[in-house]
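Residue numbers (the working numbering), protein chains in the order written: chain A, 1101 to 1247; chain B, 1101 to 1247; chain C, 2 to 80; chain D, 2 to 80.
Source of the hints: derived by calculation from the structure; they are not laboratory data. For each residue, glycine too, the CB sits at the ideal point set by N, CA and C. Treat the hints with care, as some may be off.
[To be verified] Derived lysine-lysine pairs resembling DSS-like cross-links, with alpha carbons at most 25 Å apart:
1) 1122(B) to 1195(A)
2) 1130(A) to 1151(B)
3) 1225(A) to 1211(A)
[Said to hold, decoys possible] Between beta-carbon pairs, the in silico distance windows are:
4) 1247(A) to 1237(B): 45 to 53 Å
5) 1245(B) to 57(C): 48 to 56 Å
6) 1132(B) to 1122(A): 22 to 30 Å
7) 63(D) to 1237(B): 40 to 48 Å
8) 1237(A) to 23(C): 37 to 45 Å
9) 63(D) to 1247(B): 24 to 32 Å
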Amino acid sequence: MKNKEPKKVFMAGPIPPEKIAKSIANHQSKTNIGAHSIFLGQVRADEIDGKKVNAIEYSAYEEMAEKAFHEIRESAFSQFDMTCCHIYHSLGTVKAGELCLFVFTSSAHRKVAIEACNYLVEEIKAKVPVFGKELFEDESHQWKVNQ
Amino acid sequence: MKNKEPKKVFMAGPIPPEKIAKSIANHQSKTNIGAHSIFLGQVRADEIDGKKVNAIEYSAYEEMAEKAFHEIRESAFSQFDMTCCHIYHSLGTVKAGELCLFVFTSSAHRKVAIEACNYLVEEIKAKVPVFGKELFEDESHQWKVNQ
Amino acid sequence: MSITIKYFGAIAEATGVTEEKVALEEVGNSIEELRSYCLTKYGDVGDLSFQVAVNQSLTTSGSLKDGDEVAFLPPFAGG
Amino acid sequence: MSITIKYFGAIAEATGVTEEKVALEEVGNSIEELRSYCLTKYGDVGDLSFQVAVNQSLTTSGSLKDGDEVAFLPPFAGG
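Hey, can you work out the whole structure from these sequences and the hints?
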């Protein structure tokens, strides 16, 4: 069942692990699914010039970002025979150790689910206008750049 | 932190979604992790010659299988710079829609976590002596073969 | 005849504003002219790398028209 | 001088047993001879594809010794 409606990707604050359990449980009635692939982004306590990252404060050009998320999902559905596809991204402050990105794909077969998930993650990193302010323990900050 | 101790992979019955949430939550104190990759196998209600699969009953050559799981983990740790790696597989009856395999890798960077997870899934499918009896709704059965 | 300019992340930090409405005559009517306008007005932006989106699509050049929404976007950091 | 033979999945279904202890003299002392012994004893196994593990390692040929654990493994279906 392809869900082609634009769905809201952004949520305030970190993604709780229970949300992931709930998403998985919601798919147990879909008995044509054989494989799920999940990617989770977690904020790292990187040490930069001797200072430790406490948290990342995410902001976004929201309208453009939601449009980009939607286009990326559509493009994934057109390339991969997925049953379902869900993306959630945090806005606001996410502490080190907490989750900021949750990408979830399902398919009858593992290769499709895995490839679609990878595709989505790479596209999200490259094309969605999300910005991250790395907050250090001494209250200074720097702006994160994806590699 | 590499955990090199043999860990028990098999568990009785389906893997509950809450177990996945709990595994994820357990990693939030490891702030050197930047990415988690998760693969979940779910039992499909395949229709074969007009009969629907209700469940799969998993059995295994347990001692050899646990040894194989351990070797696969060791091999993954030697190839990929993972922080953590967990594998769980069901034994006994798993109904259509329920989860039978949970592979979980974590790393500082996404590519390592994703590649390690894929490697583990392929190795498990190919090398671990697990057997699956597909139980049909009319109580007949057939033996599953991985592709 | 005006356009809306939005600034994000490190760029907004350098300009000190997140959004402003300016007359088209003031900025010129191409993206190239708008860039120079902003670099003159907010010197610090010159040190930062950024992309420009017009009406939510990345664009490198072209003309601007009344009502356009132009955004200055620093490097993406999603995920 | 005996070995233990284990049968799994479709193979165990065909043999009707999951484990048996047999004298080495009875089966011969190579994997090849053991295969023939089993195919003769359990005709239905001949239609099934399987691999053989000796002491939990997949093996295609070689000799057997006292105390070996030999397993007949049908195609794997993990995950």
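- Query: Which of the stated hints cannot be reconciled with the structure, identified by number in ascending sequence?
  - Reply: none
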